[in-house]
Amino acid sequence: MGSPSDSQTPTSSAASPAPTTLAPYTFPTQKLKFHLTQEGKTPLVLVACGSFSPITFLHLRMFEMASDFVRFNTDFEVCAGYLSPVSDAYKKVGLAPGQHRVNMCSRAVEQSTWLMVDPFETVNCDRDGQPKYVPTAQVLRHFDHEINSVLGGIEGVDGVKRKARIALLAGADLVMSMGEPGLWSPADLNVILGQYGAFIVERSGTDVDEALASLRQYESNIWVISQVIQNDISSTKVRLFLKKDLSVRYLIPDPVVEYIDQHHLFQGEGKEAPAPDEQSKPSTPQPAKS
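Using full-length UniProt numbering, the letters of the sequence shown map in sequence onto residues 1 to 290.
In short, the hints are calculated from the structure, not lab data. No experiment lies behind these values; they were computed from the predicted model shown. Think of the CB as a built atom: it goes at the ideal place given N, C-alpha and C, for glycine as much as any other residue. Treat the hints with care, since some could be wrong.
Estimated spans, in silico, between C-beta atoms of each pair [to be verified]:
hint	residue 1	residue 2	range
1	Q99	K31	18 to 26 Å
2	E180	T74	22 to 30 Å
3	Y250	D68	18 to 26 Å
4	D261	T74	36 to 44 Å
5	P186	H35	32 to 40 Å
6	D232	R71	37 to 45 Å
7	G129	R216	41 to 49 Å
8	P28	D232	23 to 31 Å
9	K161	Q30	18 to 26 Å
10	R249	R216	39 to 47 Å
11	K91	V157	42 to 50 Å
Below, in silico cross-link-like pairs of lysine to any residue (SDA-like), each with a Cα-Cα straight-line distance of 25 Å or less [to be verified]:
hint	residue 1	residue 2
12	K91	G182
13	K237	S106
14	K132	F266
15	K91	D126
16	K91	S234
17	K41	I225
18	K244	D232
19	K163	R141
20	K91	D128
21	K31	L60
22	K244	G268
23	K92	D245
24	K41	K161
25	K41	R141
26	K237	F57
27	K237	E110
28	K163	E180
29	K163	H35
30	K41	D75
31	K92	G156
32	K33	E155
33	K132	I225
34	K132	G182
35	K33	V160
36	K41	G182
37	K237	S226
38	K132	A187
39	K31	F69
Modelling step: build the complete structure from the supplied sequences, incorporating the hints.
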């Protein structure tokens, strides 16, 4: 989930042209809360970008933790949560085809009353019809456009529509990477943290305070959520279990287990390799390390 700048990506992805999408594409709104239920609240839409290869209970749990945090600690009212699987152009080892990742995420959130999957990143293509990487700053602008420009925002209890706040939901490893000098484009950080903001879920082994020290100019737009019950399930570990023919039940949702079995995913991929060097090619840090 992210868009570090490097020699192969624009220094300012925020200024890059809008991507082309493969038809058909419809922005999902079936679970979006169009009307606020509390007076004096600002509508909030949470967006988690990542590989989700496959999606785990930790990815889903992050949304619930964020929802609780928002209710008790902010003046926002959550109107929806979206999973945005990264484009196939990401080229990360262990990345299942976008269609499968979208389908797995969709099955995982079937029973949720407020979580949806947006295939926007996975259907993006260049002029030749090849998958196109979409920086996180551009993804957030996409949600801003769809919800606030196309739909006109969210209606308050007073009947007046107001602009929804779009915010990134991610794990602590994301903000750690943002704090590393030269890794992220300043233009992207200004869009992600300056214009929109982020809800960050703490993880064991990460020093969020250290990362935030180098992001002080954005501190009013970063909310840190404590993970009271530690959960270190990752997509990488799930793929490793699958390669060894071990059970992954109760690590990921049952419908996702069934989908993986049905389509024979994550089998015979060979030894898991580390993620690509973020300085040498487009990289998308995950909401939870995957």
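Hint-by-hint comparison with the structure:
no., hint, in the structure
1, Q99 x K31: 18 to 26 Å, "21 Å, holds"
2, E180 x T74: 22 to 30 Å, "28 Å, holds"
3, Y250 x D68: 18 to 26 Å, "22 Å, holds"
4, D261 x T74: 36 to 44 Å, "40 Å, holds"
5, P186 x H35: 32 to 40 Å, "38 Å, holds"
6, D232 x R71: 37 to 45 Å, "26 Å, violated"
7, G129 x R216: 41 to 49 Å, "43 Å, holds"
8, P28 x D232: 23 to 31 Å, "30 Å, holds"
9, K161 x Q30: 18 to 26 Å, "19 Å, holds"
10, R249 x R216: 39 to 47 Å, "44 Å, holds"
11, K91 x V157: 42 to 50 Å, "46 Å, holds"
12, K91 x G182, "22 Å, holds"
13, K237 x S106, "21 Å, holds"
14, K132 x F266, "23 Å, holds"
15, K91 x D126, "16 Å, holds"
16, K91 x S234, "18 Å, holds"
17, K41 x I225, "20 Å, holds"
18, K244 x D232, "19 Å, holds"
19, K163 x R141, "13 Å, holds"
20, K91 x D128, "18 Å, holds"
21, K31 x L60, "16 Å, holds"
22, K244 x G268, "9 Å, holds"
23, K92 x D245, "22 Å, holds"
24, K41 x K161, "12 Å, holds"
25, K41 x R141, "22 Å, holds"
26, K237 x F57, "13 Å, holds"
27, K237 x E110, "24 Å, holds"
28, K163 x E180, "32 Å, violated"
29, K163 x H35, "12 Å, holds"
30, K41 x D75, "5 Å, holds"
31, K92 x G156, "42 Å, violated"
32, K33 x E155, "9 Å, holds"
33, K132 x I225, "32 Å, violated"
34, K132 x G182, "23 Å, holds"
35, K33 x V160, "14 Å, holds"
36, K41 x G182, "37 Å, violated"
37, K237 x S226, "23 Å, holds"
38, K132 x A187, "20 Å, holds"
39, K31 x F69, "20 Å, holds"
Checked against the numbered hints given earlier, this structure breaks hints 6, 28, 31, 33, 36; the rest are met.
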